[in-house]
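Participant: Single-letter residue listing:
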Amino acid sequence: MGTLLSLTVANVKSLVRDRAALFWTIFFPIMFVFLFGWIFGGSGGAKISVGFVDQDGTPASGALRQAFASVSLLSLHDGSLDSEKAAMQHGEVSAVIVVPAGLQDALVQARAGNKPSIAIQLFGDPSQNQTTQVVQGAVAQVANGFNLEAQGGSAILTVSQLTLQSTNISSVAYLVPSILAMALMQLGIFAAIPLVQQREKGILKRIGATPLARWKLVGSNVLLRLMVAVVDAILILGIGFVFFNVQIVGSLVLSAGVVLLGAASFLAIGFMLASFLKTEEQATGVVQIVQLPMMFLSGIFFSFDFLPGFLQTIARFLPLTYLGDAMRQVMVNGTQVAPLGVDLAVLTGWLVVCLAIAARSFRWE
Amino acid sequence: MTQGSELVIRVTDLKKHYGDVKAVDGITFEVARGEVFGMLGPNGAGKTTTIEVLEGLRPPDSGTVEVLGLDVLRHPQSIKQRIGVQLQSVSLYPRLTVTELLDLFGSFFVHRVPTKDLIDSVDLGERAKAWSMNLSGGQQQRLSIALALVNDPELVFLDEPTTGLDPQARRSLWDLIKGLQARGKTVMLTTHYMEEATELCDRVAIMDHGRILEMGAVSELIGRRFRERAVFFDSNPGLPVDQLAHLGGVTRTAQEDGQTVLYSNDVAGTIGALLATADGLSVEPRNLGIRQATLEDVFLDLTGRALRD
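For the protein sequence lines, the chains are A and B, in the order given.
Residues 688 to 1052 in our numbering are what the first sequence spells out, letter by letter.
Residues 5 to 313 in our numbering are what the second sequence spells out, letter by letter.
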């Protein structure tokens, strides 16, 4: 264990002192978070667009609509329940307010001395916490006013909250886990470069002439990368939370598990590439050829559905597609491309196959 | 020679082929404790392959190889604990300091020398905190020797320790290697510099095309072939060698690196006759000189080629 530790420390020092490597493994993804966060994230002082579904269609619901329209923060977007939910999923509106049929009746009942109750439905995106809270506050206020006005103290209107996840390019909540997936992909695949470099320089061979067990040499590389994966995850999710208010709504343990599985799968790909590449120049080139298209085809920056058919087919084979999907499902409750079990199985498959190939073909000199 | 003393290396009929290339083609030799043993030969002679088999880095195709009394195939780990290795032209983790690298390598061994002692022994005290990538060529070689000594090894392998160094750095490295022997270590080194072999080695094996052509102490190797000294001058078509072979004292002739060499057991007589012949042909032998026969002459005599070509 002592040897493994000192070797890992040596790897950490080598990484930290290599500014180019440090940039790619840590600062590049952070830059992405800020860049995309600023481009797509800030609603700033602008109005929050909210879908309004009137299923009552009576003067009473008309009056309620008036009340919502007078809230200066909200801009209403009228439509049917289906069309508004779709609009929310595409990011055109941030929440949907549904006034159910029976509002007018309830008012009549209330005047007759009964105590009817009717629930306004509010669809919000839990990962877009700030926006959702603002809309909730506004809806509660309007409902209160309506209750007071209608009948002395009896609460006719209640608000029932529902969640609906939006999956669209304008959602920072969609992007933060995606950028983390990208960072893990690069972290793993870029691991090929120092390995090839160390073989080319004869470092692997020189260490082979000492009693050090080879698994420790590999193990220290794996440890280093997993540590960086954890650092990347903390930084990216932290920045997402602090600056762009993206919260992890799922299980932290499951999230950490997906991060480690993703890092391990891409590390296996990196090791496999290192088995076939001979020079550092080759490695640098091939690593880019592998990672760049994967980055754009895997639906991590925009929904998969936007890709033309044949590219979707390619994307269905890429491990990053599944890592991004798993991360979004686990972290922000995102709508799925594939069930979580499939995501994890595909990643495990890549891990096992690439590791087997690397173990067979890796050369120490 | 090696009789009666403990053998630390014993190689019998070692063969190592790569496809059709017979890198090592059946060599047998022994090295006794405390010796500095050199393998001298041109690039591609099989020196590095041999030394890497001994270090446990490659398995032999056939033959037996024992290091410190242990079979290299069966006990590689025990051997690696007790030997020191310097490989040809290795650069180490470029962004670790001299101290960090020595600490790191030390941690791989059960028995280790304090890092500070190692740094002092190779005179790198002033560069202890420098990244290895920022060291000069000579300093890197000294670091690489220090790394070979982290476990206080009984046997040290040095593969072309001075290749690519300037003469001054080479001298300082030679002193370092002589110091190893003074501390009782056995050293096996490879080189293609005959001065280096002459300066450092108790015994030398001359290798070419995967075979050992001749083995023994340097003076012995020279004495075995050359009782004569060499008279040499820049080759000149006006002075044909066949006319000179019969001059007084000349035992044989050779052409080497643009020079004509006359081996003679009567140097004064040979030079007198040479100058008279040249005068008669109206040519002047340029850069005329005399020297003792060297390992270079031995190699030339064995292979018909100069060592450095």
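Watch out, some of these pointers could steer you wrong.
Straight-line Cα separation of at most 25 Å, SDA-like style, residue types lysine to any residue; simulated pairs [as the list claims (entries may be wrong)]: (1) B:Lys19 - B:Gln81; (2) A:Lys700 - B:Ala132; (3) A:Lys888 - A:Ala754; (4) A:Lys700 - B:Tyr22; (5) B:Lys19 - A:Ser701; (6) A:Lys888 - B:Pro98; (7) A:Lys903 - A:Leu947.
The set of hints was computed from the structure by calculation and includes no laboratory data.
Participant: With reference to the structure, classify each hint as holding or not holding.
Facilitator: Hint check:
no.	hint	in the structure
1	B:Lys19 - B:Gln81	22 Å, holds
2	A:Lys700 - B:Ala132	16 Å, holds
3	A:Lys888 - A:Ala754	73 Å, violated
4	A:Lys700 - B:Tyr22	38 Å, violated
5	B:Lys19 - A:Ser701	39 Å, violated
6	A:Lys888 - B:Pro98	10 Å, holds
7	A:Lys903 - A:Leu947	19 Å, holds
When each numbered hint is compared with the structure, violations occur for hints 3, 4, 5.
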